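Chains A and B supply the protein sequences, listed in that same order.
Residue numbers for the first sequence follow the working numbering, so the first one is 4 and each next one is one higher.
Residue numbers for the second sequence follow the working numbering, so the first one is 4 and each next one is one higher.
It should be emphasised that the hints constitute simulated quantities derived from the structure, not laboratory data.
Treat the hints loosely; a few may be bogus.
The list treats identical chains as interchangeable, and a pair is accepted whether it falls inside one copy or across any two copies.
[As the list claims (entries may be wrong)] Straight-line distance between alpha carbons at most 20 angstroms, and here's what the computed SDA-like set of lysine to any residue pairs gives:
1. K122 <-> P91
2. K122 <-> K133
3. K130 <-> T97
4. K96 <-> F124
These numbers come from a predicted model, not from an experiment.
Protein chains: 2
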Amino acid sequence: MPAQPILRIDLASAVPAYAQIAAQLRALLVAGELPPGRRLPPVRQLALDLGVHHNTVALAYRTLADEGWLDLRRGRGAVVIERREQRPSAREKTDFSRRLEALVAKAAADGLSPQAVAKEFEALASKLWKGKKS
Amino acid sequence: MPAQPILRIDLASAVPAYAQIAAQLRALLVAGELPPGRRLPPVRQLALDLGVHHNTVALAYRTLADEGWLDLRRGRGAVVIERREQRPSAREKTDFSRRLEALVAKAAADGLSPQAVAKEFEALASKLWKGKKS
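Please work from the sequences and hints to get the whole structure.
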C-alpha cells in the first residue's frame with residue numbers, strides 16, 4: 004500500500020473490527036486507490052499495526068476475497084485482482100435502502116443539517132464513482 | 004400508530020433486531036409521522052406483531068427514550084414527546100461520515116449506479132428534513 008494504509012479501528016463502534024477493516028479497504032478498492040496487482044500488507048503486520056488479533060484481519064481479507072477483490076494464494080499474501088462489474092441483487096438494493104434510511108434518519112435526529120449531509124454525500128459519490136458519473 | 008406500523012425485522016441482517024426497530028421508529032419520528040402525543044403500541048403487542056421477544060421491543064423503546072423521543076411512564080405505555088433540536092457532537096459527525104462512506108462504497112461495489120443512489124438519497128433527505136431545507 005502507498006505509505007501506510009490509513010485504516011482505523013473504532014473500538015467503541017458497534018460494527019465488528021473485521022467489518023470496519025473490510026469496509027475501509029473496500030472504499031479504497033472502489034475508489035481505485037488499491038489497483039489490481041497491489042499487494043496488501045501481510046495479515047500479521049496489519050494486525051500489529053491496528054492492534055487487533057490476526058484472525059480479525061484474516062477475516063476482513065477473506066470477506067473481500069469472497070467479494071472478488073482479492074486473491075489470497077498462500078505464500079503470496081493478499082493481492083488485489085481485476086474484478087468484474089457487478090449487478091446488484093434485489094437483496095442488495097433493499098439492504099442499501101434500509102441502511103441509508105436508518106443512517107440519514109440518525110443524522111437528522113442528531114441535528115446534522117441537510118446541507119452538511121448532502122455535501123458529504125456528493126464528495127463521496129464523486130470519489131467512489133470516479134469517471135463513472137455518466 | 005396510524006393503521007398498523009409498517010415495521011419489518013430482517014432476520015438475515017447483521018443489525019440486531021432491537022436496533023432495526025429503533026432505526027425504523029426513529030425515521031418515522033424524524034419525519035414527523037409519529038408526532039408528540041402519539042402513543043406507540045404496547046411492547047407486548049408490537050413484539051407479537053413482529054415475532055420477537057418483548058425485551059427486544061422494550062430495548063428499542065428504551066433506546067429512543069434515552070434519545071429524548073419517548074416518555075415511558077409505567078402504565079401509560081410509550082408516548083412520543085416534544086424533543087429539543089440537537090446539536091451533533093464531534094463523535095456523531097465522525098460516526099456518520101464513516102458509516103456513510105462504508106455504506107456508499109458497498110453500494111458502488113455491489114454495482115448500484117451513482118444516479119440510483121443519488122436519487123434515493125435526495126428522496127430521503129426531503130422526507131426527513133421536511134420543511135427544514137435551509
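So, going through the hints one by one against the coordinates:
{"no.": "1", "hint": "K122 <-> P91", "verdict": "between (25 angstroms within a copy, 16 angstroms between copies)"}
{"no.": "2", "hint": "K122 <-> K133", "verdict": "both (16 angstroms within a copy, 18 angstroms between copies)"}
{"no.": "3", "hint": "K130 <-> T97", "verdict": "between (23 angstroms within a copy, 18 angstroms between copies)"}
{"no.": "4", "hint": "K96 <-> F124", "verdict": "both (18 angstroms within a copy, 13 angstroms between copies)"}
No hint from the list above goes unmet by this structure.
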